[in-house]
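Just so you know, the sequences run in chain order A and B.
First residue of the first sequence? That's 1 in this note's numbering, and the numbers climb one at a time after it.
First residue of the second sequence? That's 1001 in this note's numbering, and the numbers climb one at a time after it.
Hints are not guaranteed to be accurate.
[To be verified] Covered by chain A, according to a simulated footprint, are these stretches of chain B (three or more residues, beta-carbon under 8 Å):
#, segment
1, 1054–1066
2, 1072–1082
3, 1086–1095
4, 1105–1114
Hints in this document: simulated from the structure, not taken from any laboratory.
Backbone N, C-alpha and C define an ideal beta-carbon position, used for all residues, glycine too.
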Amino acid sequence: MKKFYTLLKYEIYKLMVSPATYVIALIFTLSIGGIFAFLLHDYTRFEQDIPLIQMFCRCFWLPTCVIVPLLSMRSFSEEDKYGTFQSLFAVPISYMEVVLAKFLATYGMFIFLWLCSWSLFLAVGFKSGSIVHETAFASQFNIGGGLLFIAVTGLLFVAIGIFASSLTENQIVSCMLTFFILLTLFICGQFFANRSQISNLTLYGTYLESLNIFSQLDNFCNGVFDSRIIVFYVSTSKLIFCFSTVAVQRKLN
Amino acid sequence: MSGNDAVVVNNLTKKYCRQVALNAISFSIKTGSVVGLIGPNGAGKSSILKILAGVITGTSGDVLINGDSMAENAMQAKRHISFMPENNPLPDHLRVGEYLRFRAELKGIPEKRIRQNAEKVMRQCDLYYEARYCMIKTLSKGYRQRVGIADAMLGNNEIIILDEPTIGLDPHQIIGVRKIIDTSKGTRTILISSHILSELETVCDNFIIINRGHIVATGTLDELSNNIKEQDTFRAKICGDEQIIRKEFELAGIQIVEFKRSPYGDEYVIKFIATEEAYRILLSKISNHRELFVKKIGYVEYTLEEIFLNSTRRCRDQDDIENS
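Could you put the whole structure together from the sequences, leaning on the hints where they help?
Put into structure tokens, the structure is as follows:
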């Protein structure tokens, strides 16, 4: 376990000392700030049915699609490119520990960036009570639910990023692959949302509804924490995590 | 396998898709010995070293490291091994001291002894004063190589595997590496792969020659030399007139295989085949000859380079015969 912590510490350090991480953080902050400013501008002009934070969460796919590929692209691709894999696996450490350390470091950074943006968001929101009514802005369910949803889905997105990175030694390819997969997931989510509205009340419609990522987000923001959704994302990320472990093992051999 | 074998390789085969890199090879390495692994490019040296270090797995066969099977209990087997890979890949974003500390933690060295261990290897590898706080990315190739060697020497691993450790080092540093290996002799088992055969000849007790995935020869330099020694082949270094030398050989009934003029004046290097009796006759004649001076004469002693070239050529010839 001590070796795993050493590895995790090393991965976090690697992210922290890399200028690329700060560029990613800047891109993230700019995109989050842009989205927030745009929504706030809308909310001050027109009356809205749903709280601002829920609307803000609905746009989470955009920064996610950008930062997850950028954060995860270097995890294995870089090791593979420089050949540091060999010395890493020459010590008594398992493939799973290495993959888990990289996954947790990237996931930690992903959550850290979201938390930072959240704190800024909340600070601005609560200070501007005169501009936006508090209930229109956010409730405790909206805040907790939105965060929980991003944290849970983040597991899957980061796992996909790590998996893509374990497949190739080219960082650009890894980045594009992750971006493409995530974008497909979100487009499918929107597609399922449209289809479920058409075939409402049928079994097919219910099934599609359960796969609709945006409907899941709305449920979480409204305080409906469906444990099946959590189990779904955790188990899917675990599966992809296992694929990454196998991919690393195959790559070395 | 005997009780004092540090490494035992049994019928190890490694295939990359259809390409056979190692073909059912078997050998063992005695505890405390320094073994040189040599072979031409693409012979399978790096594959053997990576399998021994547990970085990759063999397709079939097994490797025992101090009795622990790499196939069945890789974690335990890896505890005995320290490995410096070819080209010595290092993370650029760390300082030398930080890197060695990180490696020490991964190798499971107790917290209290990490600093002491890291300092010791840095001093051994001449890194302590000059490069301790330097970022790895700013180091020259020689320094990087020394960091890799320091990493391999870190801890108390009983077996050290070095893949091309002296590449990029200047003669002083090579002597330094030789000293480090010499101090570890007897206490640690060291397996070195290198193309610098003269270097291996100096530091290694035993050699394993590999070619096209097969073990071509194993043993000490003398054993290897005996294996390829052609019967009754001698070599002489004689100063004098060429005609006289040739005449003396002819009179003794000796067949000259090779007659070379040395660049240093009237000195000739002669390789010849003779019976024991003919050799004695020749020796008495030329040593008493007024116009000839025998500088050196005796059975042919092969250098590692000659043994290597001979062994790998022989293997290639056999393969060609089999293919045709």
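Do the hints match the structure? See the list:
1. 1054–1066: It holds: at least three residues are needed, and the segment 1054–1066 of chain B offers 4 whose Cβ sits within less than 8 Å of chain A.
2. 1072–1082: It holds, with 7 qualifying residues against the three required.
3. 1086–1095: holds (count 6)
4. 1105–1114: Coverage by chain A holds here, the residue count being 4 at a Cβ distance below 8 Å.
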